[in-house]
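Heads up: the protein sequence lines correspond to chains B and Z, in order.
When the first sequence is numbered by the working numbering, its final residue is 428 and no position is left out of the sequence of numbers.
When the second sequence is numbered by the working numbering, its final residue is 1342 and no position is left out of the sequence of numbers.
Hints in this document: simulated from the structure, not taken from any laboratory.
Among the clues, some could well be false.
The calculated BS3-like cross-link candidates involving lysine-lysine, where the alpha carbons are at most 25 Å apart (straight line), are [unchecked claim]:
{"hint": "1", "chain 1": "Z", "residue 1": "Lys1007", "chain 2": "Z", "residue 2": "Lys1025"}
{"hint": "2", "chain 1": "Z", "residue 1": "Lys1341", "chain 2": "Z", "residue 2": "Lys1270"}
{"hint": "3", "chain 1": "B", "residue 1": "Lys407", "chain 2": "Z", "residue 2": "Lys1270"}
{"hint": "4", "chain 1": "Z", "residue 1": "Lys1271", "chain 2": "Z", "residue 2": "Lys1338"}
{"hint": "5", "chain 1": "Z", "residue 1": "Lys1051", "chain 2": "Z", "residue 2": "Lys1025"}
{"hint": "6", "chain 1": "B", "residue 1": "Lys407", "chain 2": "Z", "residue 2": "Lys1216"}
Bear in mind that the values here come from a model prediction, so they are computed numbers and not experimental data.
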Amino acid sequence: MVHGIKDNLAPLHLHVPEPKFRPGDKADFSDIIVPEVDAITRPDEHASPADIHALAYGLVRVLGDDNQAVGSWNPGLDADTLRAMLRKMLLLRAFDDRMFRAQRQGKTSFYMKSFGEEATSVATTMALHSDDMCFPSYRQQGILITRDYPLVDMMNQIYSNSGDRLKGRQLPIMYSAKDYGFFSISGNLTTQYPQAVGWAMASASRADTRISAVWCGDGSTAEGDFHSALTFAAVYNAPVIFQVVNNQWAISSFSGFAGSERTTFAARAIGYGIAGLRVDGNDALAVFAAMQWAANRARTNGGPTLIEYFTYRGEGHSTSDDPGAYRAAEEYALWPLGDPVTRLKDHLIAIGAWSDEQHEALILELSDFVKASQKEAEQKGILGHGLHHPMETMFEDVFEEMPWHLKEQCEQMLEEQRDKFGPEWEAR
Amino acid sequence: MTEPATKTMNMIEAINSALDVMLAKDPEVVIMGEDVGYFGGVFRATAGLQKKHGKTRVFDTPISECGIIGVGVGMAAYGLRPVPEIQFADYIYPGLDQLVSEAARMRYRSANDFICPMTVRSPFGGGIFGGQTHSQSPESLFTHVCGIKTVIPATPYDAKGLLIAAIEDNDPVVFFEPKRIYNGPFSGYYDRPVEPWSKHDGSAVPEGYYRIDLGKAAVVREGQAVTVLTYGTMVHVVKAVVAEHGIDAEIIDLRTLLPLDIETIEASVKKTGRCMVVHEATRTSGFGAELAAQVQERCFYHLEAPIERVTGFDTPYPHSLEWAYFPGPVRLARAFDKIMKD
Chain B
1 MVHGIKDNLA PLHLHVPEPK FRPGDKADFS DIIVPEVDAI TRPDEHASPA
51 DIHALAYGLV RVLGDDNQAV GSWNPGLDAD TLRAMLRKML LLRAFDDRMF
101 RAQRQGKTSF YMKSFGEEAT SVATTMALHS DDMCFPSYRQ QGILITRDYP
151 LVDMMNQIYS NSGDRLKGRQ LPIMYSAKDY GFFSISGNLT TQYPQAVGWA
201 MASASRADTR ISAVWCGDGS TAEGDFHSAL TFAAVYNAPV IFQVVNNQWA
251 ISSFSGFAGS ERTTFAARAI GYGIAGLRVD GNDALAVFAA MQWAANRART
301 NGGPTLIEYF TYRGEGHSTS DDPGAYRAAE EYALWPLGDP VTRLKDHLIA
351 IGAWSDEQHE ALILELSDFV KASQKEAEQK GILGHGLHHP METMFEDVFE
401 EMPWHLKEQC EQMLEEQRDK FGPEWEAR
Chain Z
1001 MTEPATKTMN MIEAINSALD VMLAKDPEVV IMGEDVGYFG GVFRATAGLQ
1051 KKHGKTRVFD TPISECGIIG VGVGMAAYGL RPVPEIQFAD YIYPGLDQLV
1101 SEAARMRYRS ANDFICPMTV RSPFGGGIFG GQTHSQSPES LFTHVCGIKT
1151 VIPATPYDAK GLLIAAIEDN DPVVFFEPKR IYNGPFSGYY DRPVEPWSKH
1201 DGSAVPEGYY RIDLGKAAVV REGQAVTVLT YGTMVHVVKA VVAEHGIDAE
1251 IIDLRTLLPL DIETIEASVK KTGRCMVVHE ATRTSGFGAE LAAQVQERCF
1301 YHLEAPIERV TGFDTPYPHS LEWAYFPGPV RLARAFDKIM KD
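Kindly generate the complete structure, drawing on both the sequences and the hints.
Written out as structure tokens, the structure reads:
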């Protein structure tokens, strides 16, 4: 012992959180409380945050055990809308599968799937207006898919090929699509939080009608940006919707390292005096309903809302990690809130608007569509196979106008290429 | 053509005038920061602007530099032209990720999809007994980041013209204001009376709009014996020392550190054959190191003596020993002796 114990005081000890299950353990989620649908009914969209604290600790649900949509949160979507939602979620899943495989085939350097979390990007986007501004984290490709951004353009970005709108500058999946209300993704987590607030403040200051929505994960709520953003949003009553996709895992660190052993992520809202909702993230209708509530509130100057989607990351963090090395193998299968695609499908079947045959046919159709898109994208190249943007573009867009030192460095790089590949490179 | 109306202004008044002109000229310009609204800023740079232009154009913020700069990035993405103030350059570090990873890279990473026309103003430098948290000169942290322009004025006239150009620039600019010379140029002799700006040429400031292009240095004294590359407060200290010792120095006020006006620097050093770089910031990896490297790459065969660096020491800015830290007249005179010896 470095220091002697003084005055017979008990020694302090440091608590380092540990997840309940590790590889080899049998996962048991019986301690997760899944309240009844409508355990807390839907409040008025202009309810005072102080009057709805319970919603930050509860779990908004719409789909009951019998697969029917019930209760005060039921958004009452018609069958066409529900089928469109299912279609987008399945397309996202098909896209993820294909691109994950493309990375394994060496066609690109990196990919991240959203398996198990599809509702949190698809159903949310469907509840927004198409010109509302989305500030995604890295696992919300469902926003682009929901807004009909071309799959080929997404793939071109993933391949950093000659068709990549971002000119091969960004890590795969870090899309940017201003025309689709999709902000440039950063690899530095939660930086988009204050940015979404700034965008919303700008919109409000211009008497615009558009709002912003921002996503982050459970782990990255620990970043200072998260707290700066919530402070600013509360101070200026900004029309912004904060979303925490609590998928339980931040690479290999469980949500306890972001504070989940003590409280919910939705409860962070309470300290800031803003509305907080905790939602079953695998219930697409509950996700839609929560977003709709928050969007209506924001759009009518009711201020910001923090929504936590309680969900589960069904796959690894990215293509760069093996979840089998840090968590129990069957966690996803045992997850008490099920799978968002299966639950929406079961609901559609329960209301007589869908069938297993239609479902299988749709999966095949979407798989073919993704394959055809991939074929088209690969005509413009895959990572590391030559078909990229011209070399000089490396130096463009650092500034609006290229300063002399970048021109000098660009010339140096071109000379290096001439040395390396000879005069025929010049002719290309 | 009539001369535009000019007025004698100190540097704070010139900065206030630049902000006023831009708020009136461009409805997208917004100003925010700690205490900048009703109160008008701890150095009074935004005095009267909220009253004149309204609370949605000029407003106070929470004490969160990460929030201020991050919100600025979002406002710029929306289409505004934010001009946040960071109360002291020493406080800018909580906002560094938003500046370095976000503002600076936005144009590049999105291939022009989103841009960040934001000007971050911040008082910097010492000489005011501000201790280590109100005296720093962190400019080289920003010149090292690709995608940010770094601007430092040395006179009221330059401050206004450069600030207007910075606000109009479509890329992020860090605009450091040498607070020791807000109210008057500084000779380096802290025990002598402060000379007011009204006695200096640079205080005749047009009341309306004008701009000084970024990336252009100013030769503030022509000379044949040695080139001095400097900026901010040190421009005036160097001028005083050169006058006192009768040195025929060519003094270049860089005004913009990045993009650097390399042509003016190269021509001068080739003419004089000697080069001294002077800044208040700490020495190691300071901007002087970059200047020395650029000069030796371009002018090595014209140099008659090693390049001299006159800087602050590699310690935190001390409170009681401020004047032993500051690169004042004694340190400069010794450096001139050394560089002129050969």
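### Query
Taking 25 Å as the top limit, are the C-alpha atoms of Lys1007 (chain Z) and Lys1025 (chain Z) close enough?
Holds - the C-alpha atoms of Lys1025 (chain Z) and Lys1007 (chain Z) are around 20 Å apart, at most 25 Å.
### Task
Take a quick look at whether Lys1341 (chain Z) and Lys1270 (chain Z) sit within 25 Å of each other, Cα to Cα.
holds, 18 Å
### Query
Is the straight-line distance between the alpha-carbon of Lys407 (chain B) and that of Lys1216 (chain Z) 25 Å or less?
Since the Cα atoms of Lys407 (chain B) and Lys1216 (chain Z) sit roughly 17 Å apart, the hinted pair holds (cutoff 25 Å).
### Message
Checking one constraint from the list: CA of Lys1051 (chain Z) to CA of Lys1025 (chain Z), max 25 Å. Satisfied?
### Response
holds, 17 Å
### Message
Lys407 (chain B) and Lys1270 (chain Z) were given as a pair; does the straight-line alpha-carbon distance stay at or below 25 Å?
### Response
holds, 23 Å
#### Entry: Hint consistency between Lys1271 (chain Z) and Lys1338 (chain Z) [alpha-carbon to alpha-carbon, up to 25 Å]
Holds: Lys1271 (chain Z) and Lys1338 (chain Z) sit about 19 Å apart, inside 25 Å.
Checked against the numbered hints above, the structure breaks none of them.
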